[in-house]
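Student: Assemble the whole structure, with the sequences as input and the hints as a guide.
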Amino acid sequence: MKIFLQLGLILLAFCVVATALLAYVNSITKPQIDSIQQKEAEETRRKLIPDSDFEEIQGEFTYYIAKDSKTGEVKGYVFTAEKNGYNGPVKTMAAVDKDYNIIAINVIQQTETPGLGTNSTQPKFTDQFKGKTVEQLIVDKDGGVPPNCIKAITGATITTRAVTNSLKESIEMLKTQVQTKNITPNETGAKEEVNK
Amino acid sequence: MSFMKELTKGIIKENPTFVIVLGMCPTLATSTSVNNAIGMGLAATFVLICSNIFISLIKNITPDKIRIPVYVIVIAAFVSIVDMSMAAYLPALHKSLGLFIPLIVVNCIIMGRAEAYANKNNVINSIADGIGMGLGFTLALCLVATIREILGNGTWLNIRVMPETYDPMLITLLAPGAFITLGLLMGLMNMLKEKK
Amino acid sequence: MGFLGQLFTMAISAILIQNFVLSRFLGLCPYLGVSKKMDSAFGMGMAVIFVMTMASAFCYLIYQYILVPFELEYLQTLAFILTIAALVQFVEMFIKKNSPALYKSLGVYLPLITTNCAVLGVAILNITPLADGTRYNFIWAVLNGFLSGVGFTFVLLAMAGIRERLEMAEMPKSMRGMPSGLILAGTMALAFYGFMGMKF
Chain A
1 MKIFLQLGLI
11 LLAFCVVATA
21 LLAYVNSITK
31 PQIDSIQQKE
41 AEETRRKLIP
51 DSDFEEIQGE
61 FTYYIAKDSK
71 TGEVKGYVFT
81 AEKNGYNGPV
91 KTMAAVDKDY
101 NIIAINVIQQ
111 TETPGLGTNS
121 TQPKFTDQFK
131 GKTVEQLIVD
141 KDGGVPPNCI
151 KAITGATITT
161 RAVTNSLKES
171 IEMLKTQVQT
181 KNITPNETGA
191 KEEVNK
Chain B
1 MSFMKELTKG
11 IIKENPTFVI
21 VLGMCPTLAT
31 STSVNNAIGM
41 GLAATFVLIC
51 SNIFISLIKN
61 ITPDKIRIPV
71 YVIVIAAFVS
81 IVDMSMAAYL
91 PALHKSLGLF
101 IPLIVVNCII
111 MGRAEAYANK
121 NNVINSIADG
131 IGMGLGFTLA
141 LCLVATIREI
151 LGNGTWLNIR
161 VMPETYDPML
171 ITLLAPGAFI
181 TLGLLMGLMN
191 MLKEKK
Chain C
1 MGFLGQLFTM
11 AISAILIQNF
21 VLSRFLGLCP
31 YLGVSKKMDS
41 AFGMGMAVIF
51 VMTMASAFCY
61 LIYQYILVPF
71 ELEYLQTLAF
81 ILTIAALVQF
91 VEMFIKKNSP
101 ALYKSLGVYL
111 PLITTNCAVL
121 GVAILNITPL
131 ADGTRYNFIW
141 AVLNGFLSGV
151 GFTFVLLAMA
161 GIRERLEMAE
171 MPKSMRGMPS
181 GLILAGTMAL
191 AFYGFMGMKF
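Residue numbers (the working numbering), protein chains in the order written: chain A, 1 to 196; chain B, 1 to 196; chain C, 1 to 200.
Note that these hints are calculated values from the structure, not bench results.
Don't be surprised by glycine CBs; every beta carbon is placed ideally from N, CA and C.
Heads up, a few of these hints could be off.
Calculated Cβ distances over 12 Å to all of chain C for the following chain B residues [unchecked claim]: (1) Ser31; (2) Leu42; (3) Lys59; (4) Asp64; (5) Ala77; (6) Ala92; (7) Leu135; (8) Phe179; (9) Leu185; (10) Lys193.
Below, computed lysine-lysine pairings styled on DSS-like, alpha-carbon distance capped at 30 Å [unchecked claim]: (11) B:Lys9 <-> C:Lys173; (12) A:Lys124 <-> A:Lys39; (13) B:Lys95 <-> A:Lys124; (14) B:Lys9 <-> A:Lys2.
Just a few of them, taken from the derived set where beta-carbon distance is under 7 Å, the chain B residues facing chain C [stated by the list, open to error]: (15) Ile66; (16) Pro69; (17) Val105; (18) Asn190.
Tutor: Right, dumping it as structure tokens:
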């Protein structure tokens, strides 16, 4: 029995040392990881709507209001949409103008099939979203009529659907969020929305 | 045995992937692009060298009965360090390697070298063995990745090598292509060996 | 979808569509190493199903009730691999004591399972958030472990069946053994790609 206790103690000692080491590394890398994630998101937002300042609105559906950095005029909204693709979640960051028409999108996270679903990150695919209205967010294979629809990537219809439908759902959510927020009057920029 | 001999044996004569046939999972999963292959290879090499050094150092104070759990703790600790540092300083690579970083823990090459080599040899030779085996693994990965990336995407290290008109053989990037590429490569190696 | 519907979807997905070996590249060492004989493949498969189910349960509990409350998520890899190693050891001792017959047929494969990345893989995948940001609950995590194990055993047995016959086949000497095994695996993976469109 004594030998088992001794062995157990040695193992325990190794565990304690390993844990302490990991805790130390974690304390160094954690802030760095967090800041990288924030910075990446910030950069993507800037790419979608250039020359803007962003204001985060937290709630059931978190989104950002993009305001012109000079005039302060509301240019649109930025949000992240997410849905299951073929191989896991597909995350898309999108910018819409005040009429909820898409300005630009960027697929920020996906684990789709290399060579097929991964083409969703290419400009060739994302550019076709520019200027689309909510009604036009339908995949051609689901009955959309070109050019008022999204052309599916060859061999990756599921990925295309994930991006398109997640955007559609998120824009609807954004609409209700923006409207409920505007009923309680606060900012000048937001008030204009009610009058429209 | 001399330091240089220990160093070079892992690269060709006892190549962990082609000759000893260990660590198949990461070889197949992360060889979709040369970029990923280098990242994975170097991460595994780092863990291999560190664990070889450490296990060689503590070989006299660990009781024989619990040596395997001790190896597991040591390897897991180094893998976690690599995982966290990569997330902090090389976020893009970390994202594309994904699940396979924590899975370095169960990469048979590392465990195999700990048990078969570092446990019996001194620190200097263990370092050489770690570097050699690690580089052998990295080279094998790169070889498979080179074939798959050129045929499947028309590029090498993201530089276009095939003419624009080349229609990529997508299958080499998908799972079946990975198996078949590695199978044919191994067959070729055997053939070359026989000729000698 | 009811419970059974969800279960069916998960089973199809784990066994056919996202098979651990053929589409996720996990557990290849035993897949290529222990698939020469039908008997040993069967023993290995059973041992893997058992350990994967147990590991899913234990790792999930440890993550949910120890690592998350104390904010120790960074210890995940260390904690999981130790759990699996301890589990395998324990199972081995238990079987040895209570069922020597079973131990005889499974015993040799048990230590190998610690380094089977499918086991650690399923434990990590179980706690990775799904598309809607939620995670599996305990029951689904265990079921996922079990079904993934079944998927592993399924292709392992198929592979062993083909390889037994391939022994007799004539082929170049340099392609014997591992190279032909890999190409065989590639052909199987190709066949499994046919299931790709089956998404519910």
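Student: Evaluate each hint against the coordinates.
Tutor: Status of each hint after checking the structure:
1. Ser31: violated, 10 Å
2. Leu42: Answer for Leu42 (chain B): holds, closest chain C Cβ roughly 18 Å.
3. Lys59: Non-interface label on Lys59 (chain B) holds, nearest chain C Cβ at 19 Å vs cutoff 12 Å.
4. Asp64: holds, 15 Å
5. Ala77: violated, 6 Å
6. Ala92: Ala92 (chain B) is indeed farther than 12 Å from all Cβ atoms of chain C, at 19 Å.
7. Leu135: holds, 21 Å
8. Phe179: violated, 3 Å
9. Leu185: Nearest chain C Cβ is 8 Å from Leu185 (chain B), so the label is violated.
10. Lys193: For Lys193 (chain B), whose nearest Cβ neighbour in chain C is about 8 Å away, the distance does not exceed 12 Å, so it is violated.
11. B:Lys9 <-> C:Lys173: holds, 25 Å
12. A:Lys124 <-> A:Lys39: The given pair, whose Cα atoms are some 25 Å apart, holds under the 30 Å limit.
13. B:Lys95 <-> A:Lys124: Roughly 22 Å separates the two Cα atoms, so the pair holds.
14. B:Lys9 <-> A:Lys2: At roughly 43 Å apart (the allowed maximum being 30 Å), Lys2 (chain A) and Lys9 (chain B) break the hint.
15. Ile66: violated, 10 Å
16. Pro69: Check passed: Cβ of Pro69 (chain B) comes within 6 Å of chain C, closer than 7 Å.
17. Val105: Result: holds, 5 Å to nearest chain C Cβ.
18. Asn190: The hint holds - Asn190 (chain B) has a Cβ within 7 Å of chain C, the shortest such distance being about 4 Å.
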